[in-house]
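Produce the complete structure using the sequences and hints provided.
In the order they appear, the protein sequences are chains A and B.
The working numbering puts the first residue of the first sequence at 141, with every later residue one more than the last.
The working numbering puts the first residue of the second sequence at 141, with every later residue one more than the last.
Honestly, the hints are just simulated from the structure, not real lab data.
Keep in mind that a hint or two might mislead.
Heads up, the list lumps identical chains together, so a pair's fine if it works in one copy or across two of them.
[Unchecked claim] Below, a list of computed lysine-lysine pairs in the BS3-like style, where the Cα atoms sit at most 30 Å apart:
hint	residue 1	residue 2
1	Lys-260	Lys-494
2	Lys-328	Lys-516
3	Lys-429	Lys-675
4	Lys-176	Lys-568
5	Lys-675	Lys-261
6	Lys-328	Lys-176
7	Lys-204	Lys-345
8	Lys-176	Lys-336
9	Lys-679	Lys-439
Number of protein chains: 2
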Amino acid sequence: MNNAFRRSVLQTVKQEFDGRQRVVIENVSPELDGGKYPAKSVEGGFVVVEADIFVDGADTITAKLCVRHTGASRWQHSAMATTGNDRWSGTLCVGSPGSYEYTIEAWVDHFETWKKGLIKKTEANQDVSLDLLIGALLIDGGVARSTAATAVKLKLFADALRSGEREESVEAALDSELADLMAQAPDKSCAALYEKVLSLTVEQKKAGFSSWYEIFPRSWASEPGRHGTFKECSRMLPMIAGMGFDVLYLPPIHPIGYAKRKGKNNALVAAPGEPGSCWAIGNSDGGHKAVHQELGTLKDFTEFVTEAESNGISVALDIAFQCSPDHPWVKEHPTWFRWRPDGTVQFAENPPKKYEDILPIDFESSDWQNLWIELKSIFLFWIEQGVKIFRVDNPHTKAFGFWEWAIASIKEEHPDTVFLAEAFTRPKLMARLAKAGYSQSYSYFTWRNTKHDLQAYLHELTTSELRHFMRPNFWPNTPDILPDELQSGNRTTFTIRMVLAATLSSNYGMYGPAYELCEHLPVAAGKEDYLDSEKYEIKQWDLDRPGNIRAEITRINRIRKDNAALQQTNEISFVRIEASEGHEDDYLMGYVKRSADNSNIILTVVNLDHSNTRGGWLRFPLELFGLSHQHPFKVEDLLSGMSYDWNGEWNYVEVNPWVMPAHIFRVTLG
Amino acid sequence: MNNAFRRSVLQTVKQEFDGRQRVVIENVSPELDGGKYPAKSVEGGFVVVEADIFVDGADTITAKLCVRHTGASRWQHSAMATTGNDRWSGTLCVGSPGSYEYTIEAWVDHFETWKKGLIKKTEANQDVSLDLLIGALLIDGGVARSTAATAVKLKLFADALRSGEREESVEAALDSELADLMAQAPDKSCAALYEKVLSLTVEQKKAGFSSWYEIFPRSWASEPGRHGTFKECSRMLPMIAGMGFDVLYLPPIHPIGYAKRKGKNNALVAAPGEPGSCWAIGNSDGGHKAVHQELGTLKDFTEFVTEAESNGISVALDIAFQCSPDHPWVKEHPTWFRWRPDGTVQFAENPPKKYEDILPIDFESSDWQNLWIELKSIFLFWIEQGVKIFRVDNPHTKAFGFWEWAIASIKEEHPDTVFLAEAFTRPKLMARLAKAGYSQSYSYFTWRNTKHDLQAYLHELTTSELRHFMRPNFWPNTPDILPDELQSGNRTTFTIRMVLAATLSSNYGMYGPAYELCEHLPVAAGKEDYLDSEKYEIKQWDLDRPGNIRAEITRINRIRKDNAALQQTNEISFVRIEASEGHEDDYLMGYVKRSADNSNIILTVVNLDHSNTRGGWLRFPLELFGLSHQHPFKVEDLLSGMSYDWNGEWNYVEVNPWVMPAHIFRVTLG
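What follows is the structure, encoded as structure tokens:
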């Protein structure tokens with residue numbers, strides 16, 4: 141073969157080239173940025189992989205999905221099937237957390253092609269004697285590719301096709317056993333392999349299903365006025381677990397700077413004795429690898445982590461790559477900061493917010509390699525102390541390249557780590573952080589209140605490419621954000637927002653006591669910051685204060701734990717609810733979620749109007765389950781305990797927000 | 141620097157890695173299959189390139205588009221600008237046909253970032269003395285990167301910023317000359333380069349704008365009953381050029397087989413003397429590189445090609461990779477065919493069509509390398525005879541890999557070749573052929589008749605990714621396809637379909653005399669084949685037959701030649717035409733096309749109802765041109781010669797199909 145020709149041929153495709161590989165495999169999904177980034181799944185989960193697969197002419201194709209642990213020598217294969225318009229689909233099932241690879245293999249199935257032709261000719265009563273001889277030759281090929289035992293059986297079929305008895309031969313040709321035997325010995329001599337090996341990150345289960353609760357440990361002292369400790373927080377763990385939370389997120393636990401320390405309500409100067417913001421990290425006691433002395437020792441912390449685990453709770457640490465002016469790095473690594481002509485560093489900002497007590501790190505530092513290593517080592521340090529889940533502060537103000545490298549290399553050794561990006565920023569940046577490795581992302585849910593806005597946002601999250609790599613985490617509040625919607629203090633509104641967060645997204649969280657106690661006063665009109673924010677002072681929480689919604693939260697977290705449908709975000713279908721015939725209701729919003737095998741189906745109906753009972757006709761999408769419009773079925777409201785028989789797709793629902801602003805129906809299709 | 145760290149860092153990105161390159165460039169368009177396939181443009185054309193470009197934090201970015209001839213050492217740069225939501229856009233202008241490369245470069249523009257901050261602080265009346273010192277330092281950096289002449293000017297600005305006079309300093313800082321000088325000496329030390337170099341195929345102008353006319357030369361004898369010759373066809377060239385066509389497409393001109401030769405109306409057996417189908421290629425006189433003796437010699441053919449060129453017409457040859465059983469290859473290269481146990485080869489099919497006189501080539505031949513070389517050499521042979529345009533028969537029944545290799549390697553040496561894929565097949569296959577290198581594609585236009593179907597099809601072609609690589613060629617008929625719509629024989633319908641083809645798509649064609657003479661009888665009811673098809677017999681065409689639409693065709697081709705707006709396909713906007721207030725008319729269809737610089741604007745209004753005059757209110761989209769709804773403008777109907785003053789966006793139009801079923805308005809916005 142001509143060398144120039146060979147080179148030229150080889151240029152066209154990267155794999156070992158054989159021009160007889162006629163099958164085309166393209167437009168594979170998921171394939172993020174041409175395969176640069178891995179798709180995501182969770183332990184024991186699955187991924188639906190799709191591709192356009194076709195061949196010149198009218199031949200029949202067989203296609204297989206191939207998966208393996210990254211670096212493993214053998215692929216495992218599973219079947220793909222056509223879904224129309226030359227699109228094929230298959231399901232990857234994955235095991236333990238780690239990195240996986242997948243690709244697709246497909247070939248012209250000459251035996252199946254031949255069989256289809258035979259069936260057509262037989263039905264048209266045409267002469268098939270030549271076809272039977274061709275079939276016998278194809279079976280001979282199968283014999284050569286089979287084990288001895290299979291070969292014996294195949295030979296009998298080849299003989300039958302050569303018998304000369306049309307009826308018997310055709311019957312043998314169409315025998316399903318023959319089809320099975322031939323499928324076991326496919327002719328893959330011209331099989332095409334998709335040109336890319338794609339990657340998949342499988343994470344621990346809490347990456348996909350988690351209920352977060354955020355507390356400031358310093359506010360949880362056993363007696364008023366004192367600085368709380370980890371030991372004291374330990375005593376609250378059964379209560380938090382009892383409410384159904386399984387991730388306990390702590391704001392930074394490190395020494396707090398004295399220089400430019402903030403006072404109550406973000407005052408620029410702290411009064412003596414004020415504790416400051418825990419995000420102003422570092423003083424002479426240490427930086428990101430030290431524990432704030434008043435909280436306890438490092439040992440106290442690791443014991444707290446262990447105690448939490450025994451309550452089924454993972455402790456999540458806040459990692460905030462920024463420094464108080466007192467942080468040891470400022471002196472030890474001055475090149476990590478951008479100094480101005482007056483010998484100062486401009487304080488950090490996340491417009492419009494200003495952090496006068498915090499210095500940002502300069503990711504254009506000439507010493508960026510050592511900076512990256514040190515930042516990564518902070519995660520490794522806390523991983524050694526037993527922490528697996530990290531909530532990262534403002535990752536969108538740090539170099540994207542750093543996250544991509546750091547998360548990938550940490551996960552290589554610690555595949556069970558989970559990273560939540562606190563990136564309340566523009567959509568493209570948020571998505572990039574998720575692609576770069578973040579397991580979960582804070583989202584715009586916090587500001588999506590109307591039926592239209594919520595539906596549009598869920599549509600974007602669950603039907604665009606985002607579904608493959610960005611797992612939203614829905615928070616109705618944070619210590620920084622008391623959204624306008626909650627500032628009325630209406631208890632029902634707090635329940636509505638919690639039900640939405642907990643049933644729309646499998647990952648959700650709340651800034652603890654402030655939420656369940658319906659704290660609602662902003663620092664000023666038009667602001668989203670809390671009045672007397674816990675960021676700047678030690679609070680006392682009366683957890684049993686009347687009007688709290690702890691019972692509702694506990695109930696809804698229980699429902700999440702019991703229903704697989706609510707443990708995933710992407711499979712969601714909004715339903716039509718009509719206020720009057722032909723007119724969609726603006727406040728009653730309903731959605732169906734279902735487990736992968738359809739064994740668990742949850743229909744949530746929320747009344748977004750906190751003060752009026754609303755009723756309407758709801759259309760349940762029976763067609764999603766292959767059932768007729770008239771199919772009768774049962775629904776049980778897991779909140780009220782009431783059960784109903786529904787007859788066909790249209791049913792009347794009513795939600796009285798004074799009793800409970802939602803129904804969470806478990807649907808039994810029977 | 142730690143080696144393991146370096147390796148780990150290098151794994152993350154492919155280019156020379158510098159962690160300080162903070163800018164992210166992703167989601168580039170066009171980027172076909174992750175950069176595997178080139179986008180397309182034409183000589184002197186342009187390509188709009190878009191990308192998501194952003195950086196951590198709030199810094200300002202500068203981004204440039206880089207383009208070069210493939211293999212050239214230097215990039216040419218042009219500006220990109222933001223279009224919102226972190227999307228950036230720039231325009232690549234390309235020259236002569238050939239292969240180009242493009243990519244994107246972007247960096248944090250510290251000077252612009254600083255300037256924005258300065259403006260904000262100045263407006264808020266804050267102290268800017270420190271900012272001015274920082275600005276002076278940034279200008280010092282510019283001095284170091286500048287030529288001596290520029291440096292002198294920059295130094296003056298740096299001095300001004302250090303003057304200590306707030307007003308003067310700020311004025312100097314905001315001087316546009318300073319901005320220009322700094323833009324000429326950007327700090328690209330941390331510039332990010334997009335990780336892929338993408339490719340662009342630039343083709344000759346007729347790839348993007350062409351009017352095809354198809355004839356069977358054998359029917360163009362100067363006296364009835366004889367087999368026509370190239371010499372005789374030459375005499376018709378001025379007439380064809382006069383009608384405005386610039387590509388003359390000839391079905392295969394090779395020796396026709398005798399074995400299984402087809403007779404009149406696709407009869408399975410030819411009567412003595414019948415000429416057979418010219419797609420049954422090859423007999424003892426030769427195969428794909430020979431000329432059918434009755435047409436003339438190879439020299440006659442090359443003279444015909446030259447004569448056509450002197451009339452502004454490119455001769456396009458039909459390349460059909462298939463053989464009559466008499467083709468020399470059958471004996472010389474038996475391994476190129478798939479033989480059955482009875483010593484025969486199954487004849488070709490393109491379901492539901494059967495070609496009993498044709499043997500298909502086996503692309504799974506063990507001798508595929510030699511087969512590929514021989515097939516490619518056929519193109520090269522005809523290129524040597526002066527042919528540059530090829531219409532390829534049924535490419536979707538040949539291996540896709542072959543086309544990808546053959547077209548790319550032919551275009552490397554002959555960048556001015558054009559390939560039209562006759563792939564009336566499923567959408568994914570059609571698109572793949574275009575990606576694999578075909579310049580133009582036969583399309584589904586032939587069967588799209590209603591306003592809804594036409595609009596939906598144009599929407600798909602011009603707004604999906606197809607716009608970057610698939611150029612449709614609209615044919616209202618072919619020798620194989622007399623669509624149902626034309627079988628009424630209504631002369632107006634023939635005009636309507638021609639106007640649609642010629643104004644919707646910049647590339648269009650017709651199967652010549654049969655179309656202009658409004659031939660309309662099918663071989664049988666429910667069939668699309670012509671009665672007494674020219675495929676199987678020598679025809680006599682009375683070109684002046686009453687009722688022909690030659691004058692209309694000539695006029696419309698003239699309008700296409702005169703109006704750049706009609707010389708491209710993608711920039712099209714359908715307009716609203718209302719039969720009564722609020723109700724879209726089902727038959728009046730209107731669309732605006734415009735040249736790249738908006739200097740030529742054409743509004744076509746077609747009445748799809750061939751027998752009734754229809755009128756309605758048409759909304760011209762003045763907003764596309766940045767004009768108000770009330771803007772007055774002029775339109776001139778290039779078909780009737782009538783001019784109208786229109787006042788604002790809504791205007792009444794009426795189309796009487798008995799006069800002319802369309803208006804083609806040239807719009808002068810004034």
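Against the structure, the hints come out as follows:
Taking the shortest alpha-carbon separations for Lys-260 and Lys-494, only the inter-copy value of 15 Å comes in at or below 30 Å, while the best intra-copy value is 75 Å. Taking the closest pair of Cα atoms, Lys-328 and Lys-516 come within 30 Å of each other only across two copies (27 Å); inside a single copy the shortest separation is 46 Å, beyond that limit. Taking identical chains as interchangeable, the C-alpha atoms of Lys-429 and Lys-675 lie at most 30 Å apart only when both belong to the same chain, with a minimum of 21 Å there against 84 Å between chains. In this assembly of identical chains, the alpha carbons of Lys-176 and Lys-568 lie at most 30 Å apart whether taken from the same copy (17 Å) or from different copies (24 Å).
Taking the closest pair of Cα atoms, Lys-675 and Lys-261 come within 30 Å of each other only across two copies (28 Å); inside a single copy the shortest separation is 79 Å, beyond that limit. Within a single copy, Lys-328 and Lys-176 get their C-alpha atoms as close as 29 Å, and across copies as close as 25 Å, so both meet the 30 Å cut-off. Taking CA atoms no more than 30 Å apart as the test, Lys-204 paired with Lys-345 passes inside one copy only; the shortest distance there is 27 Å, against 43 Å between copies. Proximity of Lys-176 to Lys-336 under the C-alpha cut-off of 30 Å is found in both arrangements, the shortest distances being 10 Å within a copy and 11 Å between copies.
In the homo-oligomer, the alpha carbons of Lys-679 and Lys-439 lie at most 30 Å apart inside one protomer (25 Å), although the nearest pairing across protomers, at 99 Å, exceeds that limit.
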